[in-house]
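**Student:** We have chain H already, so just place chain X on it with the hints.
So the sequences go chain by chain: H and X. So for the first sequence, numbering that gives the first Met the number 0 puts the first residue at 0; every next one is plus one. So for the second sequence, numbering that gives the first Met the number 0 puts the first residue at 0; every next one is plus one.
Read the hints as simulated data drawn from the structure, not as lab findings. Warning: the hint list may mix true and false statements.
[As the list claims (entries may be wrong)] The calculated lysine to aspartate or glutamate pairs, modelled on DMTMM-like cross-linking and capped at a C-alpha distance of 25 Å, are:
#	chain 1	residue 1	chain 2	residue 2
1	X	Lys50	H	Asp24
2	H	Lys83	X	Glu76
3	X	Lys52	H	Asp91
4	H	Lys63	X	Glu61
5	H	Lys181	X	Asp14
6	H	Lys25	X	Glu76
7	H	Lys181	X	Glu40
8	H	Lys63	X	Glu76
9	H	Lys138	X	Glu46
10	H	Lys63	X	Glu15
11	H	Lys94	X	Asp93
12	H	Lys92	X	Glu67
13	H	Lys144	X	Glu15
14	X	Lys52	H	Asp52
15	X	Lys52	H	Asp55
16	H	Lys25	X	Asp63
17	H	Lys83	X	Glu55
18	X	Lys43	H	Glu130
19	H	Lys83	X	Asp14
20	H	Lys138	X	Glu15
21	X	Lys12	H	Asp137
22	X	Lys50	H	Glu130
23	X	Lys12	H	Asp156
24	H	Lys138	X	Asp7
25	X	Lys52	H	Glu130
26	X	Lys52	H	Asp59
27	H	Lys144	X	Asp14
28	H	Lys92	X	Asp63
29	H	Lys138	X	Glu55
30	H	Lys22	X	Glu76
31	H	Lys181	X	Glu46
32	H	Lys25	X	Glu61
33	H	Lys30	X	Glu55
34	H	Lys144	X	Glu67
35	H	Lys30	X	Glu61
36	H	Lys144	X	Asp93
[Unchecked claim] Far from chain H, some chain X residues (derived; all Cβ distances over 10 Å):
#	residue
37	Arg1
38	Thr3
39	Ser33
40	Ile48
Backbone N, C-alpha and C define an ideal beta-carbon position, used for all residues, glycine too.
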Amino acid sequence: MSSAISETKTDIVFEDLILQAQKGDKASFRKIVETHQRFAFAVAFKILLNEEDARDTAQDAFIKLWIHLGEYNFEAKFTTWFYKIIINLSLDKLKSRKRKERILEPMPDEKELDKLFARGSEDLSNNELAEIITILTDKLSPRQKIVFTLRDLNNLDISDISRTLNMSSGSVRINLLFARRKIKNYLTAIYNW
Amino acid sequence: MRCTKINDLLYLKPDELTSEEIKAVQAHIRDCKSCAKEFSEIMKANEFISKLKNAEPLLTGETDFTNEVMRNIANAESFTTENIFNTIIDRLTDFFTITAVRATAVSLILILVSIFTIQQYAVFNSVSSLEDKLAVTNVSVTAVQAGFNDVKVFKLAADLIGMINGDQFYTEITGNLALTNKTKLNEFLSLYSDLQHYKTLYSREIEEKYPELNSFLGKKLSLEELSDFVKKNENLIKEFSRKIPAGGK
Numbered sequence: 000m001s002s003a004i005s006e007t008k009t010d011i012v013f014e015d016l017i018l019q020a021q022k023g024d025k026a027s028f029r030k031i032v033e034t035h036q037r038f039a040f041a042v043a044f045k046i047l048l049n050e051e052d053a054r055d056t057a058q059d060a061f062i063k064l065w066i067h068l069g070e071y072n073f074e075a076k077f078t079t080w081f082y083k084i085i086i087n088l089s090l091d092k093l094k095s096r097k098r099k100e101r102i103l104e105p106m107p108d109e110k111e112l113d114k115l116f117a118r119g120s121e122d123l124s125n126n127e128l129a130e131i132i133t134i135l136t137d138k139l140s141p142r143q144k145i146v147f148t149l150r151d152l153n154n155l156d157i158s159d160i161s162r163t164l165n166m167s168s169g170s171v172r173i174n175l176l177f178a179r180r181k182i183k184n185y186l187t188a189i190y191n192w
Numbered sequence: 000m001r002c003t004k005i006n007d008l009l010y011l012k013p014d015e016l017t018s019e020e021i022k023a024v025q026a027h028i029r030d031c032k033s034c035a036k037e038f039s040e041i042m043k044a045n046e047f048i049s050k051l052k053n054a055e056p057l058l059t060g061e062t063d064f065t066n067e068v069m070r071n072i073a074n075a076e077s078f079t080t081e082n083i084f085n086t087i088i089d090r091l092t093d094f095f096t097i098t099a100v101r102a103t104a105v106s107l108i109l110i111l112v113s114i115f116t117i118q119q120y121a122v123f124n125s126v127s128s129l130e131d132k133l134a135v136t137n138v139s140v141t142a143v144q145a146g147f148n149d150v151k152v153f154k155l156a157a158d159l160i161g162m163i164n165g166d167q168f169y170t171e172i173t174g175n176l177a178l179t180n181k182t183k184l185n186e187f188l189s190l191y192s193d194l195q196h197y198k199t200l201y202s203r204e205i206e207e208k209y210p211e212l213n214s215f216l217g218k219k220l221s222l223e224e225l226s227d228f229v230k231k232n233e234n235l236i237k238e239f240s241r242k243i244p245a246g247g248k
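Just chain X, with the same shape it has in the complex:
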C-alpha cells in the first residue's frame, strides 16, 4: 500500500481499523522508514493524550453536590400551588427584565398618562374659558336651595343661560330649582334652552300649534315639570329639532 493511503491509517487506533487495514499498516511500516518515523511520533503524542484522558478533574464538596442533587429533585417533584405561583411571578419578572419589554411598558404608561393629562387639561381649560366668559357677562348669581353649592356649576349654568337670554331668566329658574348636581342642571338648561330657541325661531308656528308653550316658558319651573312637558309634547320637540341642525343654535 502506498504511503499516502497508509498515512491516514497511522492515526487511527487498532479498534478503529478493520483487520485488513491493521495488517496493511503493520506491513508498510516494516518497510517504510518515513512512515515508521511518523508512527513513532504518533505513539509519543498518543502517550501524551492518554495522560490527559486519565486525568481526573477534582470535584470539590462532594457531599454538598449530592445534597444539592437530591434537593433539586425534591423541589422539582413538589409542584405545589405556591411553586406554580412563584414560578409565574419569576417568569413575569424575568419577562420584564427584557429591555424591549420594559421600554414598551414604560412607553405605554407614558402615553396613557399623557392622554389622561390632556383630557383633564382640556376639561379644565373649557371650564376656565367658561368662567372667563361669565365674568364678562356680569351675571348675578342667586344661591339655590337644597345642597347645590358648587360655584363652578353655577357659573356653567349662568353661561348657558347667558348665551340664550338674559340674567333675569337665570335667576328666576334657579330660584325655583332644588337641583342637587350639575348633570340635572345641565339637563334642565339644555331642555329649556331648546324650547326657548324654537319659540324664538318659529314663534308664529308655535303660537298656532303649541300656544301652551308661551305660557309654560313664562313660569317658574322645576326639572320634573319641564320633563313632563317635553314628554307630553314629543311632537313639538321632534318637529323643531329637525329644523335646527345639530349644534346650530
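If we strip away everything but chain H, and leave its shape as in the complex, we get:
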C-alpha cells in the first residue's frame, strides 16, 4: 500500500514537472532530462548500436521534446509518448547512416554471445552489447530486424510499431515471428539445445 502511495506521489510530482516545463520552466525540464536521459540513450543505442550516434540522437530527442512538450496531454504514459520521438529519430538516423556508409564493418565473432550467458547483461560493455545484437540480427531482413529490435529489445507494442513503421499489424506479426524463428534456429544450432 505504502509503495503504491509513494508511486502515486512520484507520478504527481512528475506530472507537475511536466506542467511547469510546458509553461517554459527550464529548471523543471532539466529535471525531466536528468531522470530520462538513460532511458533515451538505451532506446537509441539498441537501434543504432553505436554510442556516439545514440548520444546525438538522445540529445536531439530531448530538444524535440522541449519543442513539442506542449502537445503532451497526459492521455498516454509519458515514456510511451517520448519513446516514439526517440524511435523516429533513431530510424531517421539509421536511414541517413545507410546512405553514407560505404565501408562494411567486420562481423563480430559468434563467441561474443557466450559473454551474455557467462556474465549476464549487467556486466556487458556497450561495445559487447552492440556486438551481440549485431550477431543475433545479422541473418534478418531489414524489416525483420527493425520489428524485432522495437518489440523484443525495446518492448514497444505491436500497434505502436505498426504506426511508427507504417505497416499493418498483420505484417508486424509476420515479420516478428520470422525474426524470432531465425534467431531461435541460429541459437539452437550454436548451443545444441
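**Tutor:** This is chain X only, laid out in the frame that chain H set:
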C-alpha cells in the same frame, strides 16, 4: 489444430495472441512432442533475448549530457541577428564545400579572367600595331600645350592623321589644340577626318554648296570651333555621311 498452423503461433507471446489462439497452442503442445520440443527451444531463445532487452547500455558523462541539452535549447531559442548572420555564413560555407559548386565557381572565375585578359591583350595589340605603323610613317610630333603628355595618344593621333593626310596637317592641328585627353583628341580627329574626306570625294559639290568648308579646313582649329561648325552644318554631315558607307573611308 495442425502443426503447420500452430508452429507460427508458438513464436508469438501471450500478449500477441488472441485467447482462442492461446488455448489452441496450449492444447496442441500437450499432445504433440515435436511442437513441445520446439516450444522448449523457443523459451530458451526468449530467455536469451530477454537478457538483451534488460541490458542497459551505459551513458557516460550524464551531467555533461544534461548541460549540452540545455545549452542546445538555449542556443536554438536565441535566434539573434548575429546567429542568423552566422547561420547564413555557415550555410554558404557548407554550400561552397560541395565539389560541384566549387568547380563551377572556379570555372567561372577562370572564364572571366580569360575574357578580361583577352580584351586587354586585344587593346594592347591594337595600340602596339598602331605604334608600329607610326614608326613607319616617320611622323614628327610636336608637343601640345596644357597637360597633354601621353605619348601613346600622340602616336594614335598621328596614325589617324597619317591615314588621311600628311604630317604637316597633324602638326598644324596639334599646335593649336589644348587637348586634355585622348577622347577629345579622337573626337576632334574623327570629325576633322570626316570633313576632310567629304571634301576629297565630293570637292565640286562641296565647293558649290558649302564653299566655307574649304577655307574652314585650311585654318588652325580648336575642338570647339570644329564642333560649332559641325552643329551649324548638320545638313553637310548628313548628306555626305549617307554617301559614304560605315567604315568605308
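**Student:** If a hint holds in the structure, say so; if it doesn't, say that too.
**Tutor:** Tested hints:
Distance check on the hinted pair: lysine 50 (chain X) and aspartate 24 (chain H) sit about 38 Å apart at the alpha-carbon level, beyond 25 Å; violated. The straight-line distance between the Cα atoms of lysine 83 (chain H) and glutamate 76 (chain X) is roughly 24 Å, inside the 25 Å bound, and the hint therefore holds. As the CA atoms of lysine 52 (chain X) and aspartate 91 (chain H) are separated by approximately 22 Å, the hinted pair is consistent with the 25 Å bound. At most 25 Å may separate the alpha-carbon atoms for a hinted pair to count; lysine 63 (chain H) and glutamate 61 (chain X) meet this at roughly 19 Å.
For the hint pairing lysine 181 (chain H) with aspartate 14 (chain X), the CA-to-CA distance comes to about 21 Å; that is within 25 Å, so the pair holds. With a C-alpha separation of about 12 Å, the suggested pairing of lysine 25 (chain H) with glutamate 76 (chain X) holds against the 25 Å cut-off. For the suggested pair lysine 181 (chain H) and glutamate 40 (chain X), the alpha carbons sit about 12 Å apart, so the restraint of at most 25 Å is met. Between lysine 63 (chain H) and glutamate 76 (chain X), the direct Cα distance comes to roughly 13 Å. Compliance with the 25 Å bound is thereby established for this hinted pair.
With a CA separation close to 19 Å, the supplied pair lysine 138 (chain H) and glutamate 46 (chain X) stays within the 25 Å bound. About 31 Å separates the Cα atoms of lysine 63 (chain H) and glutamate 15 (chain X), which puts this hinted pair outside 25 Å; it is violated. Between the alpha carbons of lysine 94 (chain H) and aspartate 93 (chain X) the distance comes to roughly 22 Å, so the proposed pair stays at or under 25 Å and holds. Distance hint between lysine 92 (chain H) and glutamate 67 (chain X) is fulfilled; the C-alpha atoms sit about 19 Å from each other, no more than 25 Å.
For the hint pairing lysine 144 (chain H) with glutamate 15 (chain X), the CA-to-CA distance comes to about 18 Å; that is within 25 Å, so the pair holds. Our distance criterion of 25 Å between C-alpha atoms is met by lysine 52 (chain X) and aspartate 52 (chain H), whose separation comes to about 19 Å. Pair hint lysine 52 (chain X) plus aspartate 55 (chain H) holds up; C-alpha atoms about 21 Å apart against a cutoff of 25 Å. A C-alpha spacing of about 16 Å is found between lysine 25 (chain H) and aspartate 63 (chain X), which places the hinted pair at or below 25 Å, so the restraint holds.
Of the pairs offered as hints, the one joining lysine 83 (chain H) and glutamate 55 (chain X) holds, with about 19 Å between alpha carbons and a cut-off of 25 Å not exceeded. Straight-line distance between C-alpha atoms of lysine 43 (chain X) and glutamate 130 (chain H) comes to about 20 Å, which keeps the hinted pair within the 25 Å bound. At most 25 Å may separate the alpha-carbon atoms for a hinted pair to count; lysine 83 (chain H) and aspartate 14 (chain X) meet this at roughly 20 Å. Proposed proximity of lysine 138 (chain H) and glutamate 15 (chain X) is supported: the alpha carbons are some 23 Å apart, at most 25 Å.
With a C-alpha separation of about 23 Å, the suggested pairing of lysine 12 (chain X) with aspartate 137 (chain H) holds against the 25 Å cut-off. Straight-line distance between C-alpha atoms of lysine 50 (chain X) and glutamate 130 (chain H) comes to about 14 Å, which keeps the hinted pair within the 25 Å bound. For the proposed pair lysine 12 (chain X) and aspartate 156 (chain H), the alpha carbon gap of about 12 Å is at most 25 Å, so the pair holds. Between lysine 138 (chain H) and aspartate 7 (chain X) the CA atoms are separated by roughly 19 Å; this keeps the pair inside 25 Å, and the hint holds.
Taking the CA atoms of lysine 52 (chain X) and glutamate 130 (chain H), the gap is about 14 Å. The hint holds against a cut of 25 Å. Proximity of lysine 52 (chain X) to aspartate 59 (chain H) is assessed by CA-CA distance (about 23 Å); at most 25 Å being required, the pair is judged to hold. At most 25 Å may separate the alpha-carbon atoms for a hinted pair to count; lysine 144 (chain H) and aspartate 14 (chain X) meet this at roughly 20 Å. Only pairs whose Cα atoms come within 25 Å are accepted, and lysine 92 (chain H) paired with aspartate 63 (chain X) is accepted, the gap being roughly 22 Å.
Restraint check: the Cα-Cα separation between lysine 138 (chain H) and glutamate 55 (chain X) comes to about 24 Å, which is no more than 25 Å; the hinted pair holds. For the given pair, lysine 22 (chain H) sits about 15 Å from glutamate 76 (chain X) by alpha-carbon distance, which is consistent with the 25 Å threshold. Using a Cα cut-off of 25 Å, the hinted pair lysine 181 (chain H) and glutamate 46 (chain X) holds, with the two alpha carbons roughly 15 Å apart. As the CA atoms of lysine 25 (chain H) and glutamate 61 (chain X) are separated by approximately 18 Å, the hinted pair is consistent with the 25 Å bound.
Proposed proximity of lysine 30 (chain H) and glutamate 55 (chain X) is supported: the alpha carbons are some 21 Å apart, at most 25 Å. Restraint check for lysine 144 (chain H) and glutamate 67 (chain X): the C-alpha separation of about 32 Å exceeds 25 Å, so the hint is violated. Of the supplied pair hints, the one linking lysine 30 (chain H) and glutamate 61 (chain X) holds, its CA atoms being roughly 12 Å apart against a limit of 25 Å. Between lysine 144 (chain H) and aspartate 93 (chain X) the alpha-carbon distance is near 35 Å, which puts this suggested pair outside the 25 Å criterion.
With 10 Å as the threshold on Cβ separation, the claim that arginine 1 (chain X) sits away from chain H holds: the shortest Cβ distance comes to roughly 17 Å. Its beta-carbon lying about 13 Å from the closest one in chain H, threonine 3 (chain X) satisfies the requirement of being farther than 10 Å from that chain. Every CB of chain H lies more than 10 Å from the CB of serine 33 (chain X), the least distance being 14 Å, so the non-interface label holds. A cut-off of 10 Å between C-beta atoms contradicts the statement that isoleucine 48 (chain X) is not in contact with chain H; the least separation is 5 Å.
The earlier numbered hints that this structure contradicts are 1, 10, 34, 36 and 40.
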